[in-house]
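Chains as they are written, first to last, in our numbering: chain A, 1 to 370; chain B, 1001 to 1370.
Worth flagging that the hints you see were computed from the coordinates, not collected in a lab.
Note that the structure is a prediction, hence the values are computed from the model and not measured.
With the C-beta cut set under 10 Å, the calculated list includes, among others, these residues of chain A facing chain B:
#1 Val288
#2 Tyr298
#3 Met300
#4 Phe306
#5 Gly312
#6 Trp314
Beta carbons: idealized from backbone N, C-alpha and C, even for Gly.
Number of protein chains: 2
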Amino acid sequence: MPTMPQKIATWQMVHPTLKDKETGEVKPGRFEKTSVPVPSLSPFEVLVEVAGCGVCHTDLGYFYDGVPTVQKPPLTLGHEISGTVVAGDEKWVGKEVIIPAVMPCRRCILCKTGRGNRCLAQKMPGNSLGIYGGFSSHVPVPSIDLCEVKNRGDMPLEHLAVVADAGTTPYQAAKRADLQPGDKVIVVGVTGGVGVYVAQTAKALGAKTVIGIARNPEKLKRALKYGVDYVISSEGKAPRDIRNEFRELCKKNGLEAGFGWKIFEVSGTQGGQEIALELLSFTGKLIVIGFGMAKNEYSMSRLMAFDAEIIGTWGCLPEYYPVVLDMVLSKQIDIDPFVEVRPMSQIQSVFEEVHKAGSPARRIVLKPDF
Amino acid sequence: MPTMPQKIATWQMVHPTLKDKETGEVKPGRFEKTSVPVPSLSPFEVLVEVAGCGVCHTDLGYFYDGVPTVQKPPLTLGHEISGTVVAGDEKWVGKEVIIPAVMPCRRCILCKTGRGNRCLAQKMPGNSLGIYGGFSSHVPVPSIDLCEVKNRGDMPLEHLAVVADAGTTPYQAAKRADLQPGDKVIVVGVTGGVGVYVAQTAKALGAKTVIGIARNPEKLKRALKYGVDYVISSEGKAPRDIRNEFRELCKKNGLEAGFGWKIFEVSGTQGGQEIALELLSFTGKLIVIGFGMAKNEYSMSRLMAFDAEIIGTWGCLPEYYPVVLDMVLSKQIDIDPFVEVRPMSQIQSVFEEVHKAGSPARRIVLKPDF
Chain A
1 MPTMPQKIAT
11 WQMVHPTLKD
21 KETGEVKPGR
31 FEKTSVPVPS
41 LSPFEVLVEV
51 AGCGVCHTDL
61 GYFYDGVPTV
71 QKPPLTLGHE
81 ISGTVVAGDE
91 KWVGKEVIIP
101 AVMPCRRCIL
111 CKTGRGNRCL
121 AQKMPGNSLG
131 IYGGFSSHVP
141 VPSIDLCEVK
151 NRGDMPLEHL
161 AVVADAGTTP
171 YQAAKRADLQ
181 PGDKVIVVGV
191 TGGVGVYVAQ
201 TAKALGAKTV
211 IGIARNPEKL
221 KRALKYGVDY
231 VISSEGKAPR
241 DIRNEFRELC
251 KKNGLEAGFG
261 WKIFEVSGTQ
271 GGQEIALELL
281 SFTGKLIVIG
291 FGMAKNEYSM
301 SRLMAFDAEI
311 IGTWGCLPEY
321 YPVVLDMVLS
331 KQIDIDPFVE
341 VRPMSQIQSV
351 FEEVHKAGSP
361 ARRIVLKPDF
Chain B
1001 MPTMPQKIAT
1011 WQMVHPTLKD
1021 KETGEVKPGR
1031 FEKTSVPVPS
1041 LSPFEVLVEV
1051 AGCGVCHTDL
1061 GYFYDGVPTV
1071 QKPPLTLGHE
1081 ISGTVVAGDE
1091 KWVGKEVIIP
1101 AVMPCRRCIL
1111 CKTGRGNRCL
1121 AQKMPGNSLG
1131 IYGGFSSHVP
1141 VPSIDLCEVK
1151 NRGDMPLEHL
1161 AVVADAGTTP
1171 YQAAKRADLQ
1181 PGDKVIVVGV
1191 TGGVGVYVAQ
1201 TAKALGAKTV
1211 IGIARNPEKL
1221 KRALKYGVDY
1231 VISSEGKAPR
1241 DIRNEFRELC
1251 KKNGLEAGFG
1261 WKIFEVSGTQ
1271 GGQEIALELL
1281 SFTGKLIVIG
1291 FGMAKNEYSM
1301 SRLMAFDAEI
1311 IGTWGCLPEY
1321 YPVVLDMVLS
1331 KQIDIDPFVE
1341 VRPMSQIQSV
1351 FEEVHKAGSP
1361 ARRIVLKPDF
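All chains should be modelled from the sequences, with the hints used to inform the complete structure.
Take a look at the structure:
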């Protein structure tokens, strides 16, 4: 039976990593275990008992790289959340849910015209949902866009936290790419926390060919089991070398290299973006999923000559979550090999670990142990 | 009554402008009046008696800037052609027509899947249609994609030559932009030979607001009569200044500046492209129509944060030509103020004039006077 807590236990980010502009002195970011009051809930809100919350690169950006949160610290980070509704909107109490990472306002013209994923009044736990975030015992959220989890079999509820962001962003990206059965796909950064799901999503939606590009040969080998048909290691190679390798691979395998490839750039690195731009050709689409601060040099007129496109994609519409959840529960998209659960009390060391690793082998989901 | 000529009279480009790589010596390009045999016509080809052929920047690229033609010189340039069918495919003989600037092969997978405008086996008069081009008395072309001209009233047939390229490219661009009634549009390079039609096409398709950007204040004033609601002169301004001016203009006129603008870049200049990139924001689309060799510096990840797109567009599907022709004949798109007819014998001086002017006030159409 769901129980309403007295307080919300939480790991607050007291302050992020701070750098003194004049002295250059760095003050490390700090988490603190504390508790905050349970807010009063409107009939359209619920309180979710957190089963797990994934550690995303966006969280690292807030904690280490000076990316500002909408709600000024102290606040609790974390937006990749699964859990159980324990109070609020009666229709939902007792249900297991995934909380969309970005929740549209459902009132503005962008929301009304199908662009709610980029609603400018959207709320994101651990950023713009007041002080509340997923690295807590509970989180209060609007109920309208919750994704109900049913028939999960032996899949741990906390694993499904990754559906809230890493698992759904690729689906929105595929929609933006107008991915069709028979499509030819390249994933740059295929071994990363989101890349592994881009390849699997493309395959699940019927892509005929998926070529994965990344640096690490070991991880590339693993990718071949999860949606990727061919791999190219980018380690130590110039974009032009990779283009030539791509053409040879196509020739050898009877693939048309010259046009129509849909390229997903997931790395967010300058190197990855340069590879993606180099591979973009006639009637191609380059979908930008990864975020980074680098600038690229590119002749825009090439897009004209190629009749090609570069398409940015942000988040995922909550209405797509049930579709992705089905794909995950039916193992069309396999998440278990890419998820690792740790106690939430290890938050500080886990952040440090992921920050150092750059791209860890598995997504770490923190499970409350207050 | 149509008559079959003995020979095709033509102004051949003997050679383009040549620059000696070692000495740097420039040998000016040369046209020569000559005649070529009438080729034998298949049942799927026609011979068109040229009424007029527009001088396009693409022709200048071939003649002055070292852009190579597919057919090596000598060949006849010119791909913006209207005329009358005088021989060949019987269904067409006697009809007035516009010849699409790029003619798809109609056999490949791109053609079969609606991307014929970027067919890689496409033929373009004055480039890849053997030695034949529009600056001639006649031109032999496939009949499958001809656009019949009916009920043209007092519109001179030679004026309609501009529909073959400058008039139709904006329509394809609008399709690529998914232009909808009520849309908010910016045209960068709105006073150029194609820009004037982009604004009118957007308006004809129901755009609510069209903002025109260009340097010349006189030409901008004229644009206000042809599809443009507001103008911003870019003369001597940095992209950021123009963005601020755009925001002020929006504020003053009750327009939402923050999202959803469709920006057409028609100038092909680095300056114009930088303005377009600066104006691109949330859920926006930037459609690249203009061609130039410049490179741009841009952070691709902005597209991700904006959920925005950059879309290149090439040519126009022949199946759209009748739609555009209707818009022109019904004066939804006004071409007369932007066309000037000259005798074809002035080809050399006209090329020099247009090359020097950069962006002439009117498109010059050459009318055969052999």
